[in-house]
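Student: Here's the letter readout for the chains.
There are 6 protein chains.
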Amino acid sequence: MAYIVKNVHTVSDELLEELKLVSVSTASHTLVEMGYRNAYMQGIMPLAFPEGQQSAVGRAVTLRFVPLREDLVKQQYDTLPESPHREALESIMKNDVLVIDTGSHMETGVVGDIFTRRLRYLGGQAIIVDGCVRDLQRIKQVDFPVLARGVHGGAIPRSLMSVGVNEPIRCGGVTVIPGDIILADRDGCVAIPPQCVEEIVKIARAHDELEERWIKMKLDEGASLHTHYPPNAEARLEFEQWKKENGYA
Amino acid sequence: MAYIVKNVHTVSDELLEELKLVSVSTASHTLVEMGYRNAYMQGIMPLAFPEGQQSAVGRAVTLRFVPLREDLVKQQYDTLPESPHREALESIMKNDVLVIDTGSHMETGVVGDIFTRRLRYLGGQAIIVDGCVRDLQRIKQVDFPVLARGVHGGAIPRSLMSVGVNEPIRCGGVTVIPGDIILADRDGCVAIPPQCVEEIVKIARAHDELEERWIKMKLDEGASLHTHYPPNAEARLEFEQWKKENGYA
Amino acid sequence: MAYIVKNVHTVSDELLEELKLVSVSTASHTLVEMGYRNAYMQGIMPLAFPEGQQSAVGRAVTLRFVPLREDLVKQQYDTLPESPHREALESIMKNDVLVIDTGSHMETGVVGDIFTRRLRYLGGQAIIVDGCVRDLQRIKQVDFPVLARGVHGGAIPRSLMSVGVNEPIRCGGVTVIPGDIILADRDGCVAIPPQCVEEIVKIARAHDELEERWIKMKLDEGASLHTHYPPNAEARLEFEQWKKENGYA
Amino acid sequence: MAYIVKNVHTVSDELLEELKLVSVSTASHTLVEMGYRNAYMQGIMPLAFPEGQQSAVGRAVTLRFVPLREDLVKQQYDTLPESPHREALESIMKNDVLVIDTGSHMETGVVGDIFTRRLRYLGGQAIIVDGCVRDLQRIKQVDFPVLARGVHGGAIPRSLMSVGVNEPIRCGGVTVIPGDIILADRDGCVAIPPQCVEEIVKIARAHDELEERWIKMKLDEGASLHTHYPPNAEARLEFEQWKKENGYA
Amino acid sequence: MAYIVKNVHTVSDELLEELKLVSVSTASHTLVEMGYRNAYMQGIMPLAFPEGQQSAVGRAVTLRFVPLREDLVKQQYDTLPESPHREALESIMKNDVLVIDTGSHMETGVVGDIFTRRLRYLGGQAIIVDGCVRDLQRIKQVDFPVLARGVHGGAIPRSLMSVGVNEPIRCGGVTVIPGDIILADRDGCVAIPPQCVEEIVKIARAHDELEERWIKMKLDEGASLHTHYPPNAEARLEFEQWKKENGYA
Amino acid sequence: MAYIVKNVHTVSDELLEELKLVSVSTASHTLVEMGYRNAYMQGIMPLAFPEGQQSAVGRAVTLRFVPLREDLVKQQYDTLPESPHREALESIMKNDVLVIDTGSHMETGVVGDIFTRRLRYLGGQAIIVDGCVRDLQRIKQVDFPVLARGVHGGAIPRSLMSVGVNEPIRCGGVTVIPGDIILADRDGCVAIPPQCVEEIVKIARAHDELEERWIKMKLDEGASLHTHYPPNAEARLEFEQWKKENGYA
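Residue numbers (my numbering), protein chains in the order written: chain A, 1 to 249; chain S, 1 to 249; chain C, 1 to 249; chain F, 1 to 249; chain U, 1 to 249; chain G, 1 to 249.
Don't read these hints as lab results, they were simulated from the structure.
It is possible that some hints are incorrect.
If chains are identical, the list can't say which one is meant, so a pair holds when it fits in one copy or spans any two.
Straight-line alpha carbon distances no greater than 20 angstroms define the calculated SDA-like cross-link-like pairs of lysine to any residue that follow [as the list claims (entries may be wrong)]:
| hint | residue 1 | residue 2 |
| --- | --- | --- |
| 1 | Lys202 | Pro230 |
| 2 | Lys243 | Pro230 |
| 3 | Lys218 | Glu245 |
| 4 | Lys218 | Ala235 |
| 5 | Lys202 | Ser91 |
| 6 | Lys244 | Glu211 |
| 7 | Lys140 | Glu212 |
Please put together the full structure from these sequences, using the hints given.
Tutor: Written as structure tokens, this is what we have:
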């Protein structure tokens, strides 16, 4: 039976571009303040991330694996065009991110360098796996962001089979709905409800570009957390003055 | 997107009745020998089981929860008739077993005595939860088989929301497909592919009613495992003789 | 340095008495609805609970252990009157509950039958341990509610030392502040901020004595969750009518 | 290559009989005080224990399993007389205890009711498993002490193979050497170096029969832990007096 | 009692050399297809691996630790020449790999830079530890492949003692038999039954040198997984043609 | 109630300077030999460590978090000057190390780059967290030693509140008392009782500067562990001779 919950908002490519300037840490904290407690995916870390690339952003395409059942995996492999994980991969479009739920299964790898290479070709932006990847050395040569829980030498048929594409899934303790916006950097990744992206970009810009810059400057001059983090009334006046003098809106 | 793998066999109520005489342990081991390694659900134990009832058997109806997302659970609760977990419960028919995947979530309970009572009324045979139940004391008063990983005082809205009914799910490290046959007793539970039930009943009958009875008798007379478990050629002759003398086919 | 956060409310013995009629499950769920997500202590289960006693209620006295440091435990044992765990035990007054934080340490027991016996004598109502007890068989003979994570044969000096009494502590993932009200039954236990007790008793009475009784009656007559749990407008009218006819306020 | 460490002491059946009066908790704590930190097996609990039997005592026979290797298990099963786990079982003599190391493997059962029945016939006193048993319901009917970490429906060939008998093994985080004395009761079990048994029996007798009896009496009269547990100089005089008056040595 | 299962095949140094060109990932997957499910050691990762070295290969020498028992470790240390871990280390020959089973013990380190240095001198190829190493910084200076589960500052006498050399052991959930062939690279390591090495080298060569090279080229040209991975009939013809044109056998 | 156990020794800045030459591994092992089993913090690894810096040393200032309680965190945030974690940070003096106990909470970060920057300004030497940091990328830019269990995008208010400064705490399974000396390097960190520092420096100097240097030289010449590690009588003479010839005391 089809799931009930779904995203009704979408996000433009331009807004995705702006989101790239926000850190996972800022987005994660901002979402908590907006009432979304579960956005940061715990334990899903960047195992491969291109040098010089600051972050990866895209729309979630989801894929779900369950432990293989011997009769059904045979049924699945006999009718290859229908294999959900191949469907998911080939369905990837520009600015998609593939998010994979294996049930935190640590006993086989579900993504290797071939899949990664294909995803990059199709315009995908990252792969996120609540589980293991395989052949990490060759994945690294593809120069593409891959986040996962660990590494295992085995491949899918060792113990898993795919059963669903674009369903709501669990990843790192977080629900990911198709169309959620994924933001990943070296601190991990976060699933953002599409309707929140604009607000996050706005808050993060204020936070990252101005406050943080000014506060760090003040800290280097010896300012105390008590007065400057967060700024008290007096410090805030000082900050507004500084903004004016330095050409910030 | 709908899942691919599915059951194509069904099992009659009469065969379900016969399966009740088989132990989870025998069914689990027989399935391994038939090539199904993952049938026993690890860590899902009977928290409530009616005294005097030996086992519970039924057809799997599946239900899947994911961590709640604040905007979507609101969307779900505003349109209550569509809530998947209520749909699942009300869809229960005679000889069904409700199997619930929460991602082994230990931080809230998903089944209490009200749901248990309704399921019993509708002819359900058991509830299996990869996660927690709540209000176990009142569940016990319903006198109905409930197997789960643990207990938590919280209710669904604390941290989960339901997203799918009758999809393939994970439960205790085992894939459960709608229509799988669930067998539960005081040793836990097992998901049986429908096409295997007849064979299991046949093997188990031979195993449980004859071999085991005879071997235990021989053990009590001092027989060694080396000769009698499994029986060597000589012991097997002796066993065939005993069967004839005691009126077994 | 002394902690900052503290309880400013207290609860009368009469209110404690009324709280005994509330189940842990109802209190836990009610607290979530009141905005307290972390009240139920995950994994702390009743290992000993007197037959026929429905629940235990009291004011939290807290005790904290850390891994023993060889020089300091010696310093502590040389000046026995100051040993925090003995201070804590001897400070117990009527309607207190001793709550112990060991850091979920599973490698030694911190409470045995002697401590349990003394606590009962002093009017304590229960012992809650995020860690292990020892000599559970003899604890059971004391006939007193003891909830813990597990059992270990070792005693405190094997690997722990006590360092603080009546500080805020962690127990089962929940913060317990001295003076919090502890409610324990066969489903586990919950820490209730004192100012919430009155409201919980009121809500629980409405919930447990009326709604639940009536809904169960309706379920036994075949009512659907869709219409009766929670009751829709029509069912609610029916319920109000039933209340009037059966003498409930 | 044979192991190096070994026991050089043995214990008489009479001493084993006396050890039955000591609790696991007292033995475990006494061993810590004698300098043996790791004697209590953490997490290995009695899953079956005959009603009315207080404890089980015997000499350790050890058995070690490793994950099955497909070629070698075949080699092993083709030459059945050599299968180590059957060798171990058939080697059991009066007052032996079988202790099994599976590497805390929770994915199959290694002992069922047939093995338990044979062990009882041969005069064994208990089975201790760092791993799972299967068919617990039938094991319970054998009325024999079996301690383990959990239950699994699968049998040995699902994922394990036996490789060694009477080697030093790990069980519950404790090293067990063949010939160690195992003491088990409802609080779990402890491995005792043979040379320590006599001392433990002596200390435990003093502790259990006298001190504990007297202190409990005093606690029921309201004595404080500060003066009576452990007894201070004055209380000790009182205790000596009481001993004389009540006919203890 | 000596173990039963054993390797009967051996592998030449030349074949070991060829195995160095195979990746752990390819070997692991190939073994699953050959019927060996448990070859990849889960969670045992390269903590030190010489820059520029692609992989390490050698014959397993095994070593097993158990938790220290105070009387026996003393007995062992009084007779140092017999200490199994020193025996194991000094027995290392050209193209051996030392594989150590500590029971996944994370509370002390068993290998430091001195042992690593000696092993390298003797011609060893790698050290694999299911447990912790210590002094990782100095190990890195030895420039030698060391794979383990983690790091701990403590040394062996803190909590372990060695008991057996060249027994079957568990490492990363995998059975390792003396004489098994170990292959390690940056993705972890795999234990290969000796009789399988030749086949793996052959399969891997076909897989790694030809298919993978060609498929990656095709993927970079936009080929779909549906047609090219694995290649369908048409793609396979194209591949055979390409092989001929590019001088592959 | 204030804790009982406390440090009575202090350590001079000069001695701290000398301690910087000792490795965590050597200090940890030496402490075990001096009778302190629990000094190395298991699982707390350097996530940021300035290139070229060998180790960090300082006096422990402790800080303890518990799971947030909604009413009390509000009470705390309404009176910001009293917030314990800000008090702790602003109290840092030259050669202090901030050690944070979150109960191994992995569901939010407690230290980011702002706190790290302030601590460095105040003369702090390192931050040690039994829990998570956030914004690790920006922490790395501060070029300051930060050791923790992991990374999480969330900030303190997501799920924690601070309750105590300079109490005894748990960190990585180790008790840390205010004033303990913390030594951290790329192998992790260790808490040293102040009275032990002088002895450790002395032992480590002998160990690191002479023995280790000489033994490594001998190992590179092919010396066996049997004769040279530890050195037997003959090797020790050789070593004393070498010391004299090379100008060591």
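Student: Next, verify each hint and record whether it holds.
Tutor: Status of the hints after comparison with the structure:
1. Only within a single protomer do lysine 202 and proline 230 lie at most 20 angstroms apart by alpha-carbon distance; the minimum there is 18 angstroms, versus 41 angstroms between protomers.
2. For the identical chains of this complex, lysine 243 and proline 230 are intra-copy neighbours only, at 16 angstroms inside a copy versus 54 angstroms across copies, given an alpha-carbon limit of 20 angstroms.
3. In the homo-oligomer, the alpha carbons of lysine 218 and glutamate 245 lie at most 20 angstroms apart inside one protomer (16 angstroms), although the nearest pairing across protomers, at 57 angstroms, exceeds that limit.
4. Only within a single protomer do lysine 218 and alanine 235 lie at most 20 angstroms apart by alpha-carbon distance; the minimum there is 10 angstroms, versus 60 angstroms between protomers.
5. When the C-alpha separation of lysine 202 and serine 91 is checked against a cutoff of 20 angstroms, the pair qualifies neither within a copy, at 32 angstroms, nor between copies, at 35 angstroms.
6. Taking the shortest alpha-carbon separations for lysine 244 and glutamate 211, only the intra-copy value of 13 angstroms comes in at or below 20 angstroms, while the best inter-copy value is 62 angstroms.
7. Taking the closest pair of Cα atoms, lysine 140 and glutamate 212 come within 20 angstroms of each other only across two copies (16 angstroms); inside a single copy the shortest separation is 33 angstroms, beyond that limit.
Violated hint for the displayed structure: number 5, the only one.
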